[in-house]
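A.B. asks: Given chain E, put chain R in place with the hints provided.
Chain by chain, the residues:
There are 2 protein chains.
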Amino acid sequence: MKTEFEFLETIKKKYSLSKIGDDCAVLPKDSKTDLVITTDLLVEDIDFRLSWTKPEFLGHKSLAVSLSDIAAMGGKPVWSMVSIGVPEKIWKTDFVEKFYDGYMKLAQKFDVELIGGDVSKTPDKIVIDSIVAGEVKKGKAILRSGAQVNDLIYVTGTLGGAAIGLNLLENGKKTKHKNLLLRQLTPNPQIEIAQIISANNLATAMIDLSDGLSSDLTHICKASKSGAKIFADEIPVESKISDFKIKVSALELALSGGEDFELLFTVNPKKKLRLEKVLKNHQFSLIGKMTANAEIIELMQDGKSTILQPEGFRHF
Amino acid sequence: MKTEFEFLETIKKKYSLSKIGDDCAVLPKDSKTDLVITTDLLVEDIDFRLSWTKPEFLGHKSLAVSLSDIAAMGGKPVWSMVSIGVPEKIWKTDFVEKFYDGYMKLAQKFDVELIGGDVSKTPDKIVIDSIVAGEVKKGKAILRSGAQVNDLIYVTGTLGGAAIGLNLLENGKKTKHKNLLLRQLTPNPQIEIAQIISANNLATAMIDLSDGLSSDLTHICKASKSGAKIFADEIPVESKISDFKIKVSALELALSGGEDFELLFTVNPKKKLRLEKVLKNHQFSLIGKMTANAEIIELMQDGKSTILQPEGFRHF
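The listed protein sequences correspond, in order, to chains E and R. Just so we're aligned, residue 234 is where the first sequence starts under my numbering, counting upward by one. Just so we're aligned, residue 234 is where the second sequence starts under my numbering, counting upward by one.
Okay, chain E solo, but in the shape it has when bound (with noise of 0.2 Å):
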């Protein structure tokens, strides 16, 4: 069966379509500014159960993931649409407009403008397609393309929490750590360090961590033609993981487990100081770096290095 990765590259063939591909797509606006923008689908019992998330999270949610493809473009997001679909029986409900009220809070955060959308029904269950554009300077949109080898290859934040609280709502089980299931339910889109990073022109390539860091890494490379090496013990890995028995170690969730949106970006060794310097005030971290090794990821890890898979989520 093709994955959703090889349908969209055979669409892009076929049909010449050159601006799909990252994480947003780069218009003209006017003469100094270029409008970047996204659209991201939520199925329920894909994305979300409304078994252990409430309307008001699914809304904030709703707009994050988009939000976070903005940052992730370097972009200051302007304006969104949001369609939502329902079944009669939750239409009933308060939900829609809970939906909103989780939405418009987020929105109102970073100064979003909703300026559209759809309601309709539908027959079972619930569906959410969120569209956001945000503005660049014009020419400064940060590709996922544009990683050159030895650049060094950062992340932003920890890594694991959202696939670990995924996991604690799936399986039902109780934390006393809230903020792991608040990971997975409320994503917190990194606009603000992506604004520093793209005003210092610090990025190379900036991708966020949708898919996770093996998958959204690999498509890094893929788009700059180049490999990776990262070292297991850089990898900023939530440290709260370990306080619960899983099937899979800290590492791994970190590595595959998704949903997490933070930022993956490459910088020149040459900014190493700088980039230093303006984000002393966040969390980030330098986890390797690209290598002339045409889509290799190689994990360093005691001493030993093995070829990384990309293992993260896809639809198909």
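Simulated from the structure, these hints should not be mistaken for laboratory data. These figures come from a predicted structure and were not determined experimentally. Fair warning: there could be bad hints in the mix.
Which copy? The list can't say, so a pair holds if one copy fits it or any two copies do.
Unchecked claim - Simulated pairs of lysine-lysine, DSS-like, Cα-Cα distance not exceeding 27 Å:
id: 1; residue 1: Lys-354; residue 2: Lys-235
id: 2; residue 1: Lys-478; residue 2: Lys-322
id: 3; residue 1: Lys-342; residue 2: Lys-247
id: 4; residue 1: Lys-245; residue 2: Lys-342
id: 5; residue 1: Lys-354; residue 2: Lys-322
id: 6; residue 1: Lys-338; residue 2: Lys-247
id: 7; residue 1: Lys-235; residue 2: Lys-287
id: 8; residue 1: Lys-246; residue 2: Lys-338
id: 9; residue 1: Lys-252; residue 2: Lys-370
id: 10; residue 1: Lys-287; residue 2: Lys-473
id: 11; residue 1: Lys-235; residue 2: Lys-407
id: 12; residue 1: Lys-235; residue 2: Lys-522
id: 13; residue 1: Lys-325; residue 2: Lys-246
id: 14; residue 1: Lys-338; residue 2: Lys-235
id: 15; residue 1: Lys-287; residue 2: Lys-245
id: 16; residue 1: Lys-247; residue 2: Lys-322
id: 17; residue 1: Lys-409; residue 2: Lys-370
id: 18; residue 1: Lys-513; residue 2: Lys-473
id: 19; residue 1: Lys-265; residue 2: Lys-252
C.D. replies: Frame of chain E; chain R shown alone:
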């Protein structure tokens, strides 16, 4: 139970959302141009059935319904995005590729660039969100709110064809009138005639006939704080409807059937001759005029006046 229109009014007021409520949102682009943008959700077994459509038709219609919204603003469509969610059993077939074939054929006809989208899995039903943006000269987007008392009311094409097509499809009836089925399955967005109307500054208000004439004229009346008087004999009822034995009259189908995706627009009487000249190669009908009777639509038939209620399609 609240209607979807009532709900959107609540949200608009609660969060001061000034750009919601027309066929498209209008946004500043550059010093000479505004962007008009719309999104439409299509859900299996609500908006279409796999038993009576095919993927190419569904691709066409997904784009067409949004292009029709761009037409209604007097916009020239420029770019689009499409999100599609399908169950795994559909993904394994060539359905999604054929969907894009139908979508891209229409996109290419109107020179619309597909710039992005999303592909997702669903548990069961197909869902599509279609996003299209167009351009208009700054300040020239044709809103629903511009109709003045005594403005003439026009519609393009014929009405009721899509509704009888749906009736035939739903009841599995065969017909020699394939065109009626295609009115439902592959509607033609009225971009060309809208561009002429826009270029000649003819319309004071415009909307596309997606919900049905009675509903969509109500939208113009509400937005323009006025009423309307229309004449049954002047409504361009699709003539082939009379071939079929159905429960409602051809006029009723034309008034409330929906999905014809023709244009309904109002024109200052001084521009009547100009309009007749520039649209001489197109089908259009003068069906009535705007009145001071706020939000009241009078239907004149056989010398009698009745008050027309908005009976068109709505989800909730």
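A.B. asks: What label fits Lys-265 with Lys-252 when the C-alpha limit is 27 Å: within, between, both, or neither?
C.D. replies: Answer is both: 19 Å inside a copy and 24 Å across each meet the 27 Å cutoff.
A.B. asks: Have a look at Lys-342 and Lys-247 and pick one of within, between, both or neither, based on CA distance no larger than 27 Å.
C.D. replies: between (41 Å within a copy, 16 Å between copies)
A.B. asks: Regarding Lys-354 and Lys-235, is the shortest C-alpha distance of 27 Å or less found within a copy, between copies, in both, or in neither?
C.D. replies: Between copies only: 13 Å across chains, 31 Å inside a chain, cut-off 27 Å.
A.B. asks: At most 27 Å between alpha carbons: which applies to Lys-247 and Lys-322, within, between, both or neither?
C.D. replies: This pair counts as between: shortest inter-copy Cα distance 23 Å, intra-copy 42 Å.
A.B. asks: My question is about Lys-409 and Lys-370: at a cut-off of 27 Å on alpha-carbon distance, are they close within one copy, between copies, both, or neither?
C.D. replies: Intra 44 Å, inter 57 Å, cutoff 27 Å: neither.
A.B. asks: Which holds for Lys-246 with Lys-338 at a C-alpha limit of 27 Å: within a copy, between copies, both or neither?
C.D. replies: Classified as between; 15 Å across copies, 40 Å inside a copy.
A.B. asks: Check Lys-235 against Lys-522 for me: Cα-Cα at most 27 Å, and say if that holds within a copy, between copies, both or neither.
C.D. replies: neither (31 Å within a copy, 56 Å between copies)
A.B. asks: Within, between, both or neither: how does the pair Lys-325, Lys-246 come out at a Cα-Cα threshold of 27 Å?
C.D. replies: Answer is between; shortest inter-copy Cα gap is 20 Å, intra-copy 45 Å.
A.B. asks: 27 Å Cα cut-off: does Lys-252 pair with Lys-370 within a copy, between copies, both or neither?
C.D. replies: For Lys-252 and Lys-370, the Cα distance is within 27 Å both inside one copy (18 Å) and across copies (25 Å).
A.B. asks: Is it within, between, both, or neither for Lys-478 and Lys-322, if the alpha carbons may be no more than 27 Å apart?
C.D. replies: neither (38 Å within a copy, 35 Å between copies)
A.B. asks: Evaluate Lys-287 and Lys-245 at a C-alpha cut-off of 27 Å and name the case that applies: within, between, both or neither.
C.D. replies: between (37 Å within a copy, 22 Å between copies)
A.B. asks: For Lys-354 and Lys-322, with the copy left unspecified, which applies at a CA distance of at most 27 Å: within, between, both, or neither?
C.D. replies: Intra 10 Å, inter 23 Å, cutoff 27 Å: intra and inter.
When held up to the earlier numbered hints, the structure conflicts with 2, 11, 12 and 17 and fits the remainder.
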